[in-house]
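Chains as they are written, first to last, in the numbering used here: chain A, 1 to 220; chain B, 1 to 223.
Some hints could be false.
Quick list of in silico lysine-lysine cross-link-like pairs, DSBU-like style, CA-CA up to 30 Å [stated by the list, open to error]:
id, chain 1, residue 1, chain 2, residue 2
1, A, K86, B, K134
2, B, K219, B, K134
3, B, K98, B, K219
4, B, K65, B, K183
5, B, K134, B, K223
6, A, K86, B, K65
Have a look at the derived ranges for each label pair, beta carbon to beta carbon [unchecked claim]:
id, chain 1, residue 1, chain 2, residue 2, range
7, A, E185, B, E213, 37 to 43 Å
8, B, V217, A, R14, 44 to 50 Å
9, B, G59, A, G43, 56 to 62 Å
10, B, P13, A, A200, 43 to 49 Å
Listed next, the stretches of chain B that the computed footprint assigns to chain A, with coverage defined by at least 3 CB atoms under 8 Å from CB atoms of chain A [to be verified]:
id, stretch
11, 118-127
12, 139-149
These are computed hints drawn from the structure, not numbers from a lab.
Where is the CB? At the ideal position from N, CA and C, for every residue including glycine.
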Amino acid sequence: MAGEIYRNLLKDFRVELRSRFAVNLSLSFAGTMTVTIGLVTSGVTLSPQITSLLLWMIFFFSAMNGLSHIFVREVDQGTFMFMNSKIGTDAVFLSKLIYNSVFFAIIQVIITPVFVFFLQVEVKCAAVFVATVFTGGLAISATSTFLAAMVSRAGGRGSLFTIMSFPLLVPVLWSAISGTIGSFEVRADCGWGNPFFLLAFSGMIAAISFLLFRHVWIEE
Amino acid sequence: MINIFRIVYILMPLTVVMAFLWAPGAEILGDTSRIIYFHVPAAWASVLSFFVAGSASIGYLFDEKNKRARLADVSHNSCVIGMVLIVLATVTGSIWAKMSWGSFWNWDPRETSIIFLLLVYSAYFSLRSALGRKERGSRISSAYLVLAMVTVPFFVFMVPRIYPSLHPAPLINPEKKLFLEDKMRITLAFSLASFTLLYFYILVLMNRISAIEARMVNKRNEK
Numbered sequence: 001m002a003g004e005i006y007r008n009l010l011k012d013f014r015v016e017l018r019s020r021f022a023v024n025l026s027l028s029f030a031g032t033m034t035v036t037i038g039l040v041t042s043g044v045t046l047s048p049q050i051t052s053l054l055l056w057m058i059f060f061f062s063a064m065n066g067l068s069h070i071f072v073r074e075v076d077q078g079t080f081m082f083m084n085s086k087i088g089t090d091a092v093f094l095s096k097l098i099y100n101s102v103f104f105a106i107i108q109v110i111i112t113p114v115f116v117f118f119l120q121v122e123v124k125c126a127a128v129f130v131a132t133v134f135t136g137g138l139a140i141s142a143t144s145t146f147l148a149a150m151v152s153r154a155g156g157r158g159s160l161f162t163i164m165s166f167p168l169l170v171p172v173l174w175s176a177i178s179g180t181i182g183s184f185e186v187r188a189d190c191g192w193g194n195p196f197f198l199l200a201f202s203g204m205i206a207a208i209s210f211l212l213f214r215h216v217w218i219e220e
Numbered sequence: 001m002i003n004i005f006r007i008v009y010i011l012m013p014l015t016v017v018m019a020f021l022w023a024p025g026a027e028i029l030g031d032t033s034r035i036i037y038f039h040v041p042a043a044w045a046s047v048l049s050f051f052v053a054g055s056a057s058i059g060y061l062f063d064e065k066n067k068r069a070r071l072a073d074v075s076h077n078s079c080v081i082g083m084v085l086i087v088l089a090t091v092t093g094s095i096w097a098k099m100s101w102g103s104f105w106n107w108d109p110r111e112t113s114i115i116f117l118l119l120v121y122s123a124y125f126s127l128r129s130a131l132g133r134k135e136r137g138s139r140i141s142s143a144y145l146v147l148a149m150v151t152v153p154f155f156v157f158m159v160p161r162i163y164p165s166l167h168p169a170p171l172i173n174p175e176k177k178l179f180l181e182d183k184m185r186i187t188l189a190f191s192l193a194s195f196t197l198l199y200f201y202i203l204v205l206m207n208r209i210s211a212i213e214a215r216m217v218n219k220r221n222e223k
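Given these sequences and hints, build the entire structure.
As structure tokens, this is what we get:
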């Protein structure tokens, strides 16, 4: 299975590098939002609550723009039948999950410093901040990957993906925002509860999605 | 089996009588507290219906021999009832909030949780209508219901305990005690039983309707 995952991952990255559609879309959206917020709030000191809320709203909508693409593309281009005949269902899910996690981590690596720079955010607990951002990203990717597969089967309707993702991602956003606020505030202890929760949530959702994926993806 | 559930015709009116005439009003809240006999059971029955929907979905998805196709209808019907009950719980909770806290909506953790549960299950109906009622549509929407069921404990049990809330905790609290007088406790237990029975009764009726519909579709296809 490892070989199948590797081959599918390589194919997905090659296709993305050729078109750069999803990465351009997500980065352009996140960049435009960050610069616009920075411009509008220039000179105004935002509270940690508002700053972390804005950061996660940018991440959330970037994810909505880019993460469904991985399955919608396969269905739109009619390659999913060929993929299913060559690669096992479990390998398809795991490769797409890894792809989405890496893809979203790249978006976060680019956007987070830009956001911190333009909004002049002072991070008090850098380790917790970085851990929250990445575990939050992982949780968003884990949830979105399975939902993207469902949406691609429903005709790839973009708004449907957002409608379905938002309520299920509320626990993630809730915890991620709370963790980010903590890392912006001066505290005696840097709370690690939120990154751990996000990691556990990612694991749980990924495990359930893995078990259910074949019911969503395979044509009976 | 449906005859057992017909007890609800006696239990529901009895619950109303007990809630308004037999049980006393709470010490500070007075008669407004009587809404507890409808708000709490509606919330409980909605969570139960989502749990049944999720469990039926698991049964449907992991049924290798495809002998339990009707479970897809059971999970959908349970979800429909759950939505009605959760709207009822939200409305009654909102009225109670206005009386106790001065405004209908305060973004209290419990209010926020219930509104997100509403969104989670509204998304299910959007998905189901996008997919249609064919077998593939049923499988995908059942998979969504399983995923949705996993998030329910987070909204119902975790959030109100992690974040400070104005919401009273008469049933499940750190002391594990019921802060109610005996008559109030009996009425609440009675109401919980009535709402649970009502939920199962409506579910059985809806499942019968779904079975008749499925039979009619099969007959039409045979022609």
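* Okay, which hints does this one fail, numbers in order? -> 3, 4 and 7
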